[in-house]
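Trainee: Single-letter residue listing:
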Amino acid sequence: MPTVIGFEGSANKLGIGIVRDGEVLSNPRHTYITPPGEGFQPRDTARHHQQHIMSILRRALDEAKLTPKDIDCVCYTKGPGMAAPLLSVAVVARTVAQLWDVPIIGVNHCIGHIEMGRQVTGAQNPTVLYVSGGNTQVIAYSQQCYRIFGETIDIAVGNCLDRFARILKLSNDPSPGYNIEQMAKKGEQYIELPYVVKGMDVSFSGLLSFIEDVAHKKLKSGKCTPADLCFSLQETIFAMLVEITERAMAHCGSSEVLIVGGVGCNMRLQEMMGKMAEERGASLCATDDRYCIDNGAMIAQAGLEMFNAGITTPLEETWVTQRYRTDEVEVVWRD
Amino acid sequence: MNLTAESLLKCELRIPMYSEREVGIAYNSLCVDKEPRPKEITKMLRVEGTTLVVNFSATQARLMRVAVGSFMDFLLLVTQTMDEFGRPVTRDPVIT
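For the protein sequence lines, the chains are L and C, in the order given. Going by full-length UniProt numbering, the first sequence wraps up at 335, each residue one higher than the last. Going by full-length UniProt numbering, the second sequence wraps up at 96, each residue one higher than the last.
Calculated from the structure, these hints are not laboratory results. There could be a bad hint or two in this list.
Unchecked claim - Short, incomplete list of chain C residues facing chain L, as computed with Cβ under 7 angstroms:
(1) N28
(2) S29
(3) D33
(4) F74
(5) Q80
(6) E84
(7) F85
(8) G86
Backbone N, C-alpha and C define an ideal beta-carbon position, used for all residues, glycine too.
Produce the entire structure from the sequences given, and follow the hints as far as they go.
Mentor: Given below as structure tokens:
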């Protein structure tokens, strides 16, 4: 059974994971955390990855109790993501693949999330809600393709949450979304926000501008608290996501729903999705922060499927790309 | 802007390495990526013996600085990776 190492660094998380036969042997991760009110910039994020990649790689091997000669294949994130961080990680992946004389595979980041989610939860053929800082998609598998049924037409749901956290100057540690979730539990009043579902797609940028305006006006006059705003924002955007997911499930006749991506570890989202699934007689498959949030094992897991299907990437084609849609990948490893 | 014009800024880096194997790995790891603005900056890599040679041409000093700077960052990653995770495999024959 092949042992595969996966390198992930498309955003502010640097992760390296090793998997063998569906088992995660190690999965260390280091997150670049910016001060409250600030997002992460490509250059600084790349520098973070460059500074930590040697120690994370060492930890991945040590925690798995493996040496380089045990590795059969190296996988890295080809995209989508920020160019400079992606590149920093790809350069190291290319180098170890040559040093250890094993094949290399470029993996689509979104496919990594889906395959890891399926592996961890055991979901067979789920409708997938992929929600993170950079992506918002409702996905279902059909004929060698993860088809996108609905997606955001502007910013990602996680980006909306991150930017709202910046407006409130919430801490980015461990993540802005986590801190919004905790604060939302203390919310007492629901403030009506724009609910923007267009067919199968959603939009968050107008909503963000609206709540920013509300925050500046109502917070100053004491008409609401930051907790009320966090609560109202979560209720509104999660309801939008549940609505389009339910519609995709109805269309596909799906009996499972899988939530992946960093926003997927939000318990309120899981609760709302769980209720919808229950009413439809379907089951909710969700994972915790180890696998929802970007990590190396998910790249290794998707890479393992590709490796077993005979796919490898020639070294001269191991470039990275900022744009790489989920439905561009031919999913040859599924029936 | 014509990249063959004599007004272009040029920069050549020569990076000596221990062996042909190491210079080959570095070349393969670093030659894949194209510069983001190919009309304004180009980067050509080649191997001379055990030396990695890189030639940059740019229309602006600012672009040259960024390109050379990030190339050095990535080169450092490659050499660090080789130092820490390389294992002794096929080396040049050692005469004893």
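Trainee: Now tell me, hint by hint, if it's right for this structure.
Mentor: Okay, the hints, checked on the actual structure:
Because the smallest distance between the Cβ of N28(C) and any Cβ of chain L comes to about 5 angstroms, under 7 angstroms, the interface hint for this residue holds. For S29(C), the interface hint holds, since its Cβ comes within 7 angstroms of a Cβ in chain L; the closest pair sits about 4 angstroms apart. A cut of 7 angstroms between beta carbons decides the hint on D33(C): the least distance to chain L is about 6 angstroms, and the hint holds. With its C-beta approaching chain L no nearer than about 5 angstroms, F74(C) sits inside the 7 angstroms limit, and its interface hint holds.
The restraint placing Q80(C) at the interface with chain L holds, with a minimum CB-CB distance near 6 angstroms, inside the 7 angstroms limit. Proximity of E84(C) to chain L holds as hinted, the smallest CB-CB distance being about 6 angstroms (cut-off 7 angstroms). Given the 7 angstroms rule on beta carbons, the hint for F85(C) holds: about 6 angstroms separates it from the nearest Cβ of chain L. Interface hint at G86(C): satisfied, since its Cβ lies 5 angstroms from the closest Cβ of chain L, which is below the 7 angstroms cut-off.
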